[in-house]
Amino acid sequence: EAQVTQNPRYLITVTGKKLTVTCSQNMNHEYMSWYRQDPGLGLRQIYYSMNVEVTDKGDVPEGYKVSRKEKRNFPLILESPSPNQTSLYFCASSHRGEKLFFGSGTQLSVL
Amino acid sequence: TQLLEQSPQFLSIQEGENLTVYCNSSSVFSSLQWYRQEPGEGPVLLVTVVTGGEVKKLKRLTFQFGDARKDSSLHITAAQPGDTGLYLCAGSYGNKLVFGAGTILRVKS
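Protein chains in written order, with the numbering used here: chain H, 1418 to 1528; chain C, 536 to 644.
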């Protein structure tokens, strides 16, 4: 089954404790992206990747890092999480910018 | 930053009513997509419109792209409880996709 898999689904952590949210897709998509979703603000792009070893900043990249060492994986790293990074995070992938396939989301709470 | 404004933010209607959701921008987009999101899940693509003036139908849903490719609308005929969800429009420019804040639709039976 074609899918984008994010882990974990829920995460509660404390300020400053490094964390990684994993994302994997099995559709051989070149394009992958991370979004955060906050009430009233919609989905805002954090980082995106056009292909392996090619990443670029989205609209809200501060406080986040990504890497694209393999085509299928695109982890999101928070080196020192802060409470304003509490949000619902989505990973997505697509073939050449066409239809986006989204994961089921990761609800992150930073205390 | 390109902005997409959706209206209304919330819509609560009775089963069988018609409704329209609007997506507006001052910017021109190469294409515009509509997604539907249910609680606990990621958005799912409903349609992509590319040509100015284009109209696409998906059963009871009708999507229209403005002539100038700056705005779009989603019209639902005879809404059903199963249509309940968050509807998001997203405009494409270059390598980026910018999303509107969404319209929360609740259809009561």
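Among the clues, some could well be false.
Taking lysine to any residue and the SDA-like style, the derived pairs with C-alpha atoms no more than 25 Å apart in a straight line are [as the list claims (entries may be wrong)]:
hint: 1; chain 1: H; residue 1: K1516; chain 2: C; residue 2: E550
hint: 2; chain 1: H; residue 1: K1474; chain 2: C; residue 2: K591
hint: 3; chain 1: H; residue 1: K1516; chain 2: C; residue 2: G551
hint: 4; chain 1: H; residue 1: K1516; chain 2: C; residue 2: S547
hint: 5; chain 1: C; residue 1: K631; chain 2: H; residue 2: L1528
hint: 6; chain 1: C; residue 1: K631; chain 2: H; residue 2: T1432
hint: 7; chain 1: H; residue 1: K1516; chain 2: C; residue 2: Y557
hint: 8; chain 1: H; residue 1: K1516; chain 2: C; residue 2: E552
hint: 9; chain 1: C; residue 1: K605; chain 2: C; residue 2: G575
hint: 10; chain 1: H; residue 1: K1488; chain 2: C; residue 2: E576
hint: 11; chain 1: H; residue 1: K1516; chain 2: C; residue 2: S644
hint: 12; chain 1: C; residue 1: K631; chain 2: H; residue 2: I1429
hint: 13; chain 1: C; residue 1: K594; chain 2: C; residue 2: S562
hint: 14; chain 1: C; residue 1: K631; chain 2: H; residue 2: H1512
hint: 15; chain 1: H; residue 1: K1516; chain 2: C; residue 2: L593
hint: 16; chain 1: H; residue 1: K1516; chain 2: H; residue 2: M1444
hint: 17; chain 1: C; residue 1: K631; chain 2: H; residue 2: G1433
hint: 18; chain 1: H; residue 1: K1516; chain 2: C; residue 2: I548
hint: 19; chain 1: H; residue 1: K1435; chain 2: H; residue 2: H1512
hint: 20; chain 1: H; residue 1: K1482; chain 2: C; residue 2: S566
hint: 21; chain 1: C; residue 1: K605; chain 2: H; residue 2: D1476
hint: 22; chain 1: C; residue 1: K605; chain 2: H; residue 2: S1511
hint: 23; chain 1: H; residue 1: K1516; chain 2: C; residue 2: K643
hint: 24; chain 1: C; residue 1: K631; chain 2: H; residue 2: T1430
hint: 25; chain 1: H; residue 1: K1516; chain 2: C; residue 2: Q549
hint: 26; chain 1: C; residue 1: K592; chain 2: H; residue 2: K1488
hint: 27; chain 1: C; residue 1: K631; chain 2: H; residue 2: V1431
hint: 28; chain 1: H; residue 1: K1474; chain 2: C; residue 2: N630
hint: 29; chain 1: C; residue 1: K605; chain 2: H; residue 2: G1459
hint: 30; chain 1: C; residue 1: K631; chain 2: H; residue 2: K1434
hint: 31; chain 1: H; residue 1: K1474; chain 2: C; residue 2: Y628
hint: 32; chain 1: H; residue 1: K1516; chain 2: C; residue 2: E589
Residues from chain H that face chain C, not an exhaustive set, calculated with beta carbons under 10 Å [stated by the list, open to error]:
hint: 33; residue: L1460
hint: 34; residue: Y1481
hint: 35; residue: F1507
hint: 36; residue: F1519
These are computed hints drawn from the structure, not numbers from a lab.
Built from N, CA and C at the ideal position, the CB exists for glycine as well.
Hints breached by this structure: Those not satisfied are hints 1, 2, 3, 4, 5, 6, 8, 9, 11, 12, 13, 17, 18, 19, 20, 23, 24, 25, 26, 27, 30, 34.
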